[in-house]
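Can you make the complete structure from the sequences, with help from the hints?
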Amino acid sequence: MKLIRSVAFYIAFYVWGILAGVVFLPTLLMRPVTVRLTGAWWSGTIIWLAKVICGIRWEVRGLANLPAGPVIFASKHQSAWDTLFFPAFFDQPSAVAKAELRAIPFYGWYSHRAGAIWIDRKAGGAAIRAMIRGARRTIGEGRPIFIFPQGTRTRPGETRPYQPGVAALYAGAGVPVVPVALNSGLFWGRRTFIKQPGTIVVECLPPIPPGLDRAAFMAALERAVETATVRLEAEAGAPAPAVSATAGT
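Residue numbers (this note's numbering): 133 to 381.
Just so you know, the hints here were simulated from the structure itself, not pulled from any lab data.
Careful, some of the hints might be misleading.
[As the list claims (entries may be wrong)] Pairs of lysine-lysine, DSS-like flavour, derived with a Cα cap of 30 Å:
#1 183 with 230
#2 134 with 183
#3 254 with 230
[What the hints assert, rightly or not] Label-pair distances were calculated between CB atoms; the ranges are:
#4 233 with 158: 14 to 24 Å
#5 134 with 161: 19 to 29 Å
#6 134 with 256: 42 to 52 Å
#7 235 with 136: 44 to 54 Å
#8 142 with 303: 14 to 24 Å
#9 241 with 265: 17 to 27 Å
Yeah, the Cβ is synthetic: ideal placement off N, Cα and C, and Gly gets one too.
What follows is the structure, encoded as structure tokens:
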């Protein structure tokens, strides 16, 4: 049954994705806010399809932790589901994304027009400066930013280093960073065809205020995200991973 549901979901995902990508092409000539709202609606429909077809529900915790004004969401990244959730749930966020994703048809076109903050990891310091300019522009518009500080998806229980770009973003933007933990990879796994029914939990943790030095910020962010992620995975029934030697550093 899971196989049949997963096949049905992917058929719906690709058919609807291509159809919507073509139908909404005229929005690329409209204001960025129109593209962002259209993208949020489309992302929400995919999350809904995953719920209806595959039984993947979701729950958001910790909204009381969100401070007033724009913030940077620094989130664990376990699944493609995560990239759909942020634009669907929060108000017109800008994503910090790898520059190579801009070349993907439809996704790259809409993301660029919506105001994605592209980072070319081969460009060194110039990429960081461009990222900070984009972040300040987004913050100036009163909108939040989301970034996956490990730079790629990680499987549940897997440990990857936190990349320095998030520290540069934190220092340059001058707004609180909200660590976000989740367990989406248990249900919509990385490079895993079969979707598992269950409830994805996304938890917004207490914000990290601006002004910390780089080492203190990175330690606080990693400790918060990793500790809460392990807890959410265990809550969903995943086995406890080995403790990383780098966790909390």
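Item to check | Structure-inconsistent hints, enumerated in ascending order | outcome: 5, 7, 8
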